[in-house]
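According to the working numbering, numbering within the sequence shown proceeds without interruption in unit steps and concludes at 1620.
Rather than coming from a laboratory, the hints here were simulated on the basis of the structure. Worth double-checking, as some hints may not be accurate.
The calculated DSS-like cross-link candidates involving lysine-lysine, where the alpha carbons are at most 25 Å apart (straight line), are [unchecked claim]:
#1 Lys1471 x Lys1549
#2 Lys1436 x Lys1492
#3 Lys1436 x Lys1471
#4 Lys1399 x Lys1492
Values in this document were obtained by computation on a predicted structure and should not be read as measured data.
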Amino acid sequence: LIALGFAFHTLGLIVRWYISGHAPMSNGYESMIFVSWVTLLAGFIFRKFADLALSATAILGGFTLMVANLSFMDPQITNLVPVLKSYWLTLHVSVITGSYGFLGLGAILGIINQILFIVKTRKNEDRITESILNLTAINHKTLILGIVFLTIGTFLGAVWANESWGRYWVWDPKETWSLITIIVYTIVTHARLVKGMKGVFTFNVLSVYAFFSVLMTYFGVNYYLSGLHSYAGGDPVPVPTFVYISIGILVLLTVTAWSNQRNFNKSNK
């Protein structure tokens, strides 16, 4: 069923591309459905390592499509503004938004591993530990791919900016937050080399909360900050209530997982 849904999703992107005459990445709605597509693609790529990876991306992809169809997203196919009529639209936007799919998969795997830390007991210790280590290895691979695509996409954006406006970098909010996100994920992927930040649990927690930098780069910049990449017009879009609820649940999950892991380690001493 997931493969069938992915096929229809792919067909929908192709049809939208054909009708509009340009890559379906020119506004918030189109970029969201593309991120959802890349997220599922990442799941199929890493399925050979763990079937749970595909299930996780199906959930995240479905959630992304749900957000894309909220009232503040305009699904209408419109003509491109002059500055976007460039082959750089396909190159830059596809690479940089595609990275969000891989980084999103990393966040989901981090959440799943925190849940596994919560349900781990003496009876299932070996099986759960094996699953955690396997998913953590996949998580690390997805983050590496994500940061590579994000870095390449940022450089491509700088080249496009130079062609369009005669400068590579002016600290536009999007540029600034893209750089921040690269730095954040560089820290996450190298945390195991830093004393005091080593450990499977720490890595998985960081992979989850690092995704907030991606959300800020995409939603925060596009809808709440003024700049060259802003989709907002007029008053800022109100933050949906479910966002605050989700953050609260996420923090509670992390605290519970940390507490259970600490107690489990103490009992083994």
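(message) Tell me if the straight-line CA distance from Lys1436 to Lys1471 falls inside 25 Å.
(response) 53 Å, violated
(request) Starting from Lys1399, check that the Cα of Lys1492 is at most 25 Å away, please. (result) At roughly 13 Å apart (the allowed maximum being 25 Å), Lys1492 and Lys1399 satisfy the hint.
(message) With the threshold set at 25 Å, check whether the alpha-carbon distance from Lys1471 to Lys1549 stays at or below it.
(response) The hint holds at about 20 Å.
(request) Quickly compare the C-alpha distance for Lys1436 and Lys1492 to 25 Å and report which way the hint goes. (result) 34 Å, violated
Figure legend: structure checked against the earlier numbered hints; hints not met, in rising order: 2 and 3.
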